[in-house]
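**Student:** Using the sequences and the accompanying hints, generate a full structural model.
Residue-level listing of the chains:
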Amino acid sequence: MIAALRSTFCATDRTPASLRGRALSGTLALGLLSGVSFAAFSALRYHWAWEPVWEYRTIFWRGWLTTIGIAALTLPLSCGLGLAFALLRRSVFLPLRYVARIYVEITRGTPLLVQLYFYWYIFGQQLPRDFRFVAGALILSLFSGAYLSEIIRAGIESVGRSQLESARAIGLTRAQTYRHVVFPQAVRQILPPFAGEFANIVKNSSLLSVLGIEEFALAAGSVSSVTFGYFESYLPVALGYLILTLPISLWTQSLEKRARFET
Amino acid sequence: MRLTLTELTKSFAGHRVLDAITCDFGELRSLALIGPSGGGKSTLLRIIAGLETPDAGAATLDGEAVAFTDEEKLRAHRRRLGVVFQAFNLFPHLTALANLTLPLEKVHGLSPAAAEETARAALRRFQLADHAHKKPAQLSGGQQQRVAIARAIAIQPRLLIFDEPTSALDPEMTAEVLDVIAELKSEGRDLLLVTHEMGFARQVADRVAFLAGGRIVEHAPAAELFAAPRSPECQAFLARILKY
Chain A
20 MIAALRSTFC
30 ATDRTPASLR
40 GRALSGTLAL
50 GLLSGVSFAA
60 FSALRYHWAW
70 EPVWEYRTIF
80 WRGWLTTIGI
90 AALTLPLSCG
100 LGLAFALLRR
110 SVFLPLRYVA
120 RIYVEITRGT
130 PLLVQLYFYW
140 YIFGQQLPRD
150 FRFVAGALIL
160 SLFSGAYLSE
170 IIRAGIESVG
180 RSQLESARAI
190 GLTRAQTYRH
200 VVFPQAVRQI
210 LPPFAGEFAN
220 IVKNSSLLSV
230 LGIEEFALAA
240 GSVSSVTFGY
250 FESYLPVALG
260 YLILTLPISL
270 WTQSLEKRAR
280 FET
Chain B
483 MRLTLTELTK
493 SFAGHRVLDA
503 ITCDFGELRS
513 LALIGPSGGG
523 KSTLLRIIAG
533 LETPDAGAAT
543 LDGEAVAFTD
553 EEKLRAHRRR
563 LGVVFQAFNL
573 FPHLTALANL
583 TLPLEKVHGL
593 SPAAAEETAR
603 AALRRFQLAD
613 HAHKKPAQLS
623 GGQQQRVAIA
633 RAIAIQPRLL
643 IFDEPTSALD
653 PEMTAEVLDV
663 IAELKSEGRD
673 LLLVTHEMGF
683 ARQVADRVAF
693 LAGGRIVEHA
703 PAAELFAAPR
713 SPECQAFLAR
723 ILKY
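Note that the protein sequences, when read in sequence, are chains A and B.
According to this note's numbering, the first sequence holds residues 20 to 282 in order.
According to this note's numbering, the second sequence holds residues 483 to 726 in order.
Please note: incorrect hints may appear among the correct ones.
[As the list claims (entries may be wrong)] Below, in silico cross-link-like pairs of lysine-lysine (BS3-like), each with a Cα-Cα straight-line distance of 30 angstroms or less:
hint, chain 1, residue 1, chain 2, residue 2
1, B, Lys588, B, Lys617
2, B, Lys616, A, Lys276
3, B, Lys555, B, Lys588
4, B, Lys667, B, Lys616
5, B, Lys588, B, Lys667
6, A, Lys276, B, Lys617
Simulated from the structure, these hints should not be mistaken for laboratory data.
**Tutor:** Quick look at the structure:
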């Protein structure tokens, strides 16, 4: 009996779980968590009122699409900035190297909220209303670019000196060495933390609400201020972000697994 | 090949690794550098390979001075050499075949089809045809080193340079790699090698140079140097190393 339970619910590296065991455990975990939440809300005696919130569904929908739009702009932009600053930090020209270093340290050492206000008063306000989210995406890119550049730099530096020497010995130029030797090897190191940073970008975009950009979190805020249904307004927001971040997180995990196998 | 060194000097962090080496080895096909660790063998080899810049002095290969200060010319110099390292230094993300085609295509300008044909021929030659699509991690040390040699050969270098090619291998694989190098020598290819395998150096090198303390203490035809070393340093070194 105990042995049967153990073989169903326990897993180690040497004795992986069966499909049935994983399904049962998953159900159990979900049941446990929803039980706790249910108990918490019962204690609150909270009266759910979904109808008023449902009436504002188009606001949620538009907010969610705006968030996706911001993320879609920010991802490539921050990758580009991250790559540029990572390369600058390896530049042979010292002033450039220091510029990159200072940018990274300041960006990583100050709150995103402060940066948002700061950049916003410099160039965000001049923009027409419809383009505000572009400015928001740009600020977000400047923020995430600093983190991505550190990830990229670590990836580049993880490629051993012997590899660079080998590339030099066969006569590759510096650019060719990066293209054919360094980047392909660095990408394997970079991808898992990169995917994690992508999820951060999606979540951090909620802070753009303080600039009045009508993204997902602001949508929930304005709906809740009318309906006073805070849980009803913010639960869909949590769900909406999960729909975006969960696939990224799962993708990260599969990447990490692959990176482990290959080394 | 004809290799001459003039006042070649190199220091690392205040330590003089090469101490104003001047030497004309004359016309020869293969040269082995032997000597104690830290004696400057690998540094000298890396300078000749264009991978290290000396602090002062010159190296001339077949009458052409190696242009240490001009990166463009230095790259042209490296392109014509085949270098094999102690730790193989294959590109781990590429298959054996792609390790060979990369320099052929990107450095020597062959078309992808021509590069693949040349690469396959080189792999076949070292009994590696069945391993063409394996990554280095899937190959044994001896196989990896043979792929590295195939990569060095495929570009038809004017000179093959080996930096302790068997130091990272166990005895069985050492034999398999040394066989390949000996075969290349018998084909009449020019070789420059640093090695700790004295028997092999005697067999494969026309001339052997003994380096210690950053200087070439003596150099002579292989048989002569091993039979009757002149300097006390070389005598002591050979006595120590041949004891077991």
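**Student:** Could you run down the list of hints and mark each one as holding or not?
**Tutor:** Against the structure, the hints come out as follows:
Between Lys588(B) and Lys617(B), the direct Cα distance comes to roughly 20 angstroms. Compliance with the 30 angstroms bound is thereby established for this hinted pair. Under the criterion of a C-alpha separation no larger than 30 angstroms, the hint pairing Lys616(B) with Lys276(A) is consistent with the structure, at around 21 angstroms. About 17 angstroms separates the Cα atoms of Lys555(B) and Lys588(B), which keeps this hinted pair within 30 angstroms; it holds. For the hint pairing Lys667(B) with Lys616(B), the CA-to-CA distance comes to about 28 angstroms; that is within 30 angstroms, so the pair holds.
Straight-line distance between C-alpha atoms of Lys588(B) and Lys667(B) comes to about 28 angstroms, which keeps the hinted pair within the 30 angstroms bound. Of the pairs offered as hints, the one joining Lys276(A) and Lys617(B) holds, with about 19 angstroms between alpha carbons and a cut-off of 30 angstroms not exceeded.
Figure legend: structure checked against the earlier numbered hints; every hint is met.
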